[in-house]
Structure formats: structure tokens, C-alpha cells
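Asker: Chain residues, written in single-letter form:
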Amino acid sequence: MPHINLKTNTTITPYQEAELKTKFGKAIECFSGKTEAWLMISLEDNRRIWFKGDNSQNSAMIEIQLLGHASNKEYDNMTETVCDIVNSLLDIPKDRIYIKYEECEHWGWNGSNF
Amino acid sequence: MPHINLKTNTTITPYQEAELKTKFGKAIECFSGKTEAWLMISLEDNRRIWFKGDNSQNSAMIEIQLLGHASNKEYDNMTETVCDIVNSLLDIPKDRIYIKYEECEHWGWNGSNF
Amino acid sequence: MPHINLKTNTTITPYQEAELKTKFGKAIECFSGKTEAWLMISLEDNRRIWFKGDNSQNSAMIEIQLLGHASNKEYDNMTETVCDIVNSLLDIPKDRIYIKYEECEHWGWNGSNF
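Residue numbers (my numbering), protein chains in the order written: chain E, 1 to 114; chain G, 1 to 114; chain D, 1 to 114.
In case anyone wonders, no lab produced these hints; they're calculated from the structure.
Among the clues, some could well be false.
[What the hints assert, rightly or not] Think about it this way: if two alpha-carbon atoms lie no more than 20 Å apart in a straight line, the pair counts; the simulated EDC-like pairs of lysine to aspartate or glutamate are: (1) E:Lys94 / E:Asp84; (2) D:Lys21 / E:Asp54; (3) G:Lys52 / E:Glu17; (4) D:Lys34 / D:Glu102; (5) D:Lys23 / E:Glu19; (6) D:Lys94 / D:Asp45; (7) D:Lys26 / E:Asp54; (8) G:Lys52 / E:Glu19; (9) E:Lys26 / E:Glu36; (10) G:Lys34 / D:Asp95; (11) G:Lys52 / E:Glu44; (12) D:Lys94 / D:Glu17; (13) G:Lys26 / G:Glu80; (14) G:Lys23 / D:Asp45; (15) D:Lys21 / D:Glu44; (16) G:Lys34 / G:Glu103; (17) G:Lys94 / E:Glu36; (18) G:Lys26 / D:Asp54; (19) E:Lys23 / E:Asp76; (20) D:Lys73 / D:Asp84; (21) G:Lys26 / G:Asp76; (22) D:Lys94 / G:Glu36; (23) E:Lys73 / D:Glu105; (24) G:Lys21 / D:Asp54; (25) D:Lys52 / G:Glu17; (26) G:Lys73 / E:Glu36; (27) E:Lys52 / D:Glu44; (28) E:Lys34 / G:Asp95; (29) E:Lys23 / G:Asp54.
[Said to hold, decoys possible] What follows is a set of in silico ranges between Cβ atoms, one per label pair, in the way DEER data are often shown: (30) D:Asp91 / E:Asn46: 19 to 27 Å; (31) E:Asn72 / D:Lys73: 26 to 34 Å; (32) D:Gly53 / G:Phe114: 16 to 24 Å; (33) D:Lys73 / E:Lys52: 24 to 32 Å; (34) G:Glu105 / E:Lys52: 22 to 30 Å; (35) E:Asp84 / D:Thr35: 23 to 31 Å; (36) D:Thr35 / E:Asn77: 43 to 51 Å; (37) D:Thr13 / E:Ala37: 38 to 46 Å; (38) D:Gln57 / G:Ser112: 19 to 27 Å; (39) E:Ser88 / G:Ala18: 38 to 46 Å.
Glycine is no exception: its CB is placed at the ideal position from the N, C-alpha and C atoms.
With the rest of the complex left out, here is chain E (with noise of 0.2 Å):
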């Protein structure tokens, strides 16, 4: 029951959004128990993003969203995954890259709640 949300100021290309749809579906397993199988992603581009009080620099707002919780090293071992995705496909900046995490506690699929 993930779900990744990602908005960028930059262009994703059809080629890019097939290498993040499998690298997100990837990476989804450093929380135990999570995969792609469940895994939504959104991918948001042409944004219009500013970080620090700059809007000429590619940026990243990265959103992932899990029903229950996880643990802070499977919180680390996400971050720095998904920070090595986003820098070498897209070409941003890992120091301008923002991943917000959120523990859902109530999720609903296919007409009744998980």
C-alpha cells in the first residue's frame, strides 16, 4: 500500500519514467513487507518548484506514503535509495532533493479499508 509521489521542475522523458517506474518498484523493498505488487506511483513534471529562494536549479519534492510504520533504517536506506534513482536519472542535485514520509493509518483499495 505505498504510494510514491514525485514533482519536478525538470522534463521526465518516456525513457526516464520507465527507469523510475522500475527503480521506485525496486526500492519499494527497503521497507520490509512492501513491493511493487502494491506499489502507486505519480510522476509530476514541469513543476514549478523553488528551494531556497531559487527556482534555476533542478528540484525534487518526493512524497511516499505506507500504511503503518517502518523503522529508521529502513526510512535511511530509502532516502539514500531513492536519492541515487532521482540524481542519475533526472540530473538533480541530492541536496536539492526533499523525500516526505507519511504512516497512514487508514488506506482503502478495490471498496473496503486495509
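Chain E is fixed; fit chains G and D onto it per the hints.
Answerer: Showing chains G and D alone in chain E's frame:
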């Protein structure tokens, strides 16, 4: 003070948009004391969304934010109702619809907080 | 580590965007220790937004995410300040502006978590 944000990879026509508005305005009554009189709705169509590693089928990510708390029964009713609406109006399979709920403590409107 | 996301159904001109950036960069100081030096801003205009069953007037949904906690007084100051900014710059009635706050526990940047 609720907010419903719907993102989908399919197109929402003006007719469908008006229907979603009306039906979500009624559905929000699944939560005690909530009505369309305080509901904000954001609709985003033609998004790049992948679910279970696949973007060839219609999918939707729905985020519902409430001030305060709701009961499990209210969440169950809301999920069932919203999945029915989105499935029938937008032709999105119910098993490709996620509904993520967030209970909020701090919410501003009209210059001050509730 | 704050993030401000503004969605509106009206258009944001480049001039208004630059003004929002500058004014939000100052407003974030309502929260102790927060400055523009760590602020990310995302602006989304021309969105399909309904409020109180109506999409004929300007409306805005603003989401503000913080690492950690803030006081009620800080939230009150921020809501008043942000409503003033958005009302005067984008001509959105204050009673059609929602500001939803989220206090976050896990937040990544530059390959690791805060």
C-alpha cells in the same frame, strides 16, 4: 474542513467533473458533521500514474484529509462509496483505486485556524 | 525542512510567482528556526477546484509540511500571514482559502534523513 484530491491517468470530461463534484459532495456525509458546505475538491486528470508496475489501465489515487478524527465505520462507508462513484463515473477498476486518509490537527481558513 | 504547496483554480503570472516566492520565504519565519534557506515551494495554477460546491470563484488549497512540531501561536501567525499574501496577490477571498498543516517525523534530504 475536508479536502478530496483525486488524481488519475484517464481524462475527466466536464460532465464527469460536475458529476464527481455532486457525488463527492454527498459522499462526504459518510463522516458525521461533514457536508459539501465545507468541502474542497481538487481533480487532476491525465496524470502519469503507474500501479503494480503497469500504466496501461486506468488507476486513481484519492487523498482525503479531515480535521480531527473519524470512526472505522465512517472510513469503511466512505471507501465503499467513493470507490463506487469513481468506478462507475470514470471506468476505473475498484482494485486500481487507492484512498489515503489523513487526520489533521491544524487547519487554517479565512485567516485563522479551526 | 518546510514545504509549501499551493494549488489554485486561477492563473499565477510570472510576476505573481516571484512575489509569492519572496513573501512565502519571509512568512516561513513565523515558525521558530525556519527560513527560506530550507524552504521548498510548489505552485500549481489553473487547477480544477471546487469549494462549497462551486468552481466559479477563485479558491486555493495550501499544504504546509514541517519537520517536527510548532506551537498554536506559530500556526495562527502563519495562517494569518499566508491568507493575507494569497488574498492580496492572487485575489482569492480569504474565506475560500484552506491551509492544511502536517507535522512530519521522517524527512530525507541529500541522501539521508534529518
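Asker: Could you run down the list of hints and mark each one as holding or not?
Answerer: Verification of the supplied hints:
Note on Lys94 (chain E) and Asp84 (chain E): the hinted pairing holds, with a Cα-Cα distance of about 8 Å set against a maximum of 20 Å. A threshold of 20 Å between alpha carbons decides the hint, and for Lys21 (chain D) with Asp54 (chain E) the separation of about 9 Å falls inside it, so the pair holds. Only pairs whose Cα atoms come within 20 Å are accepted, and Lys52 (chain G) paired with Glu17 (chain E) is accepted, the gap being roughly 15 Å. With a C-alpha separation of about 15 Å, the suggested pairing of Lys34 (chain D) with Glu102 (chain D) holds against the 20 Å cut-off.
Proposed proximity of Lys23 (chain D) and Glu19 (chain E) is contradicted: the alpha carbons are some 37 Å apart, above 20 Å. Proximity of Lys94 (chain D) to Asp45 (chain D) is assessed by CA-CA distance (about 17 Å); at most 20 Å being required, the pair is judged to hold. Restraint check: the Cα-Cα separation between Lys26 (chain D) and Asp54 (chain E) comes to about 14 Å, which is no more than 20 Å; the hinted pair holds. Taken as a hint, the Lys52 (chain G) and Glu19 (chain E) pair is honoured in the structure, with Cα atoms around 15 Å apart against an allowance of 20 Å.
Distance restraint check for Lys26 (chain E) and Glu36 (chain E): the Cα-Cα separation of roughly 7 Å lies within the 20 Å cut-off, and the hinted pair is therefore satisfied. Using a Cα cut-off of 20 Å, the hinted pair Lys34 (chain G) and Asp95 (chain D) holds, with the two alpha carbons roughly 17 Å apart. Straight-line distance between C-alpha atoms of Lys52 (chain G) and Glu44 (chain E) comes to about 18 Å, which keeps the hinted pair within the 20 Å bound. Straight-line distance between C-alpha atoms of Lys94 (chain D) and Glu17 (chain D) comes to about 19 Å, which keeps the hinted pair within the 20 Å bound.
Between Lys26 (chain G) and Glu80 (chain G) the CA atoms are separated by roughly 13 Å; this keeps the pair inside 20 Å, and the hint holds. Pair hint Lys23 (chain G) plus Asp45 (chain D) does not hold up; C-alpha atoms about 24 Å apart against a cutoff of 20 Å. With a CA separation close to 13 Å, the supplied pair Lys21 (chain D) and Glu44 (chain D) stays within the 20 Å bound. In summary, the hint linking Lys34 (chain G) to Glu103 (chain G) is supported, as the alpha carbons are separated by about 14 Å, within the 20 Å threshold.
Between Lys94 (chain G) and Glu36 (chain E), the direct Cα distance comes to roughly 18 Å. Compliance with the 20 Å bound is thereby established for this hinted pair. Restraint check for Lys26 (chain G) and Asp54 (chain D): the C-alpha separation of about 14 Å stays at or below 20 Å, so the hint holds. Our distance criterion of 20 Å between C-alpha atoms is met by Lys23 (chain E) and Asp76 (chain E), whose separation comes to about 17 Å. Restraint check: the Cα-Cα separation between Lys73 (chain D) and Asp84 (chain D) comes to about 17 Å, which is no more than 20 Å; the hinted pair holds.
Distance restraint check for Lys26 (chain G) and Asp76 (chain G): the Cα-Cα separation of roughly 16 Å lies within the 20 Å cut-off, and the hinted pair is therefore satisfied. Restraint check: the Cα-Cα separation between Lys94 (chain D) and Glu36 (chain G) comes to about 18 Å, which is no more than 20 Å; the hinted pair holds. Note on Lys73 (chain E) and Glu105 (chain D): the hinted pairing holds, with a Cα-Cα distance of about 14 Å set against a maximum of 20 Å. Of the supplied pair hints, the one linking Lys21 (chain G) and Asp54 (chain D) holds, its CA atoms being roughly 9 Å apart against a limit of 20 Å.
A C-alpha spacing of about 15 Å is found between Lys52 (chain D) and Glu17 (chain G), which places the hinted pair at or below 20 Å, so the restraint holds. Simply put, Lys73 (chain G) and Glu36 (chain E) have alpha-carbon atoms about 29 Å apart, too far for the 20 Å limit, and the pair is violated. As the CA atoms of Lys52 (chain E) and Glu44 (chain D) are separated by approximately 18 Å, the hinted pair is consistent with the 20 Å bound. For the hint pairing Lys34 (chain E) with Asp95 (chain G), the CA-to-CA distance comes to about 17 Å; that is within 20 Å, so the pair holds.
With a CA separation close to 13 Å, the supplied pair Lys23 (chain E) and Asp54 (chain G) stays within the 20 Å bound. At roughly 25 Å, the beta-carbon separation of Asp91 (chain D) and Asn46 (chain E) lies within the given 19 to 27 Å, and the hint holds. In this structure the supplied range 26 to 34 Å holds for Asn72 (chain E) paired with Lys73 (chain D), their Cβ-Cβ distance being about 31 Å. A C-beta distance of roughly 20 Å is found between Gly53 (chain D) and Phe114 (chain G), which places it inside the suggested range of 16 to 24 Å.
As the Cβ distance of Lys73 (chain D) to Lys52 (chain E) is approximately 26 Å, the hint placing it in 24 to 32 Å holds. At roughly 28 Å, the beta carbons of Glu105 (chain G) and Lys52 (chain E) sit within the given window of 22 to 30 Å. With their beta carbons about 28 Å apart, Asp84 (chain E) and Thr35 (chain D) fall inside the hinted range of 23 to 31 Å. Restraint check, Thr35 (chain D) to Asn77 (chain E): a C-beta distance of roughly 30 Å breaks the suggested window 43 to 51 Å.
Between Thr13 (chain D) and Ala37 (chain E) the Cβ separation comes to about 44 Å, which falls inside the hinted range of 38 to 46 Å. Checked against the hint of 19 to 27 Å, the C-beta distance between Gln57 (chain D) and Ser112 (chain G) comes to roughly 20 Å, which is consistent with it. Between Ser88 (chain E) and Ala18 (chain G) the beta carbon distance is about 44 Å. The supplied range of 38 to 46 Å therefore holds.
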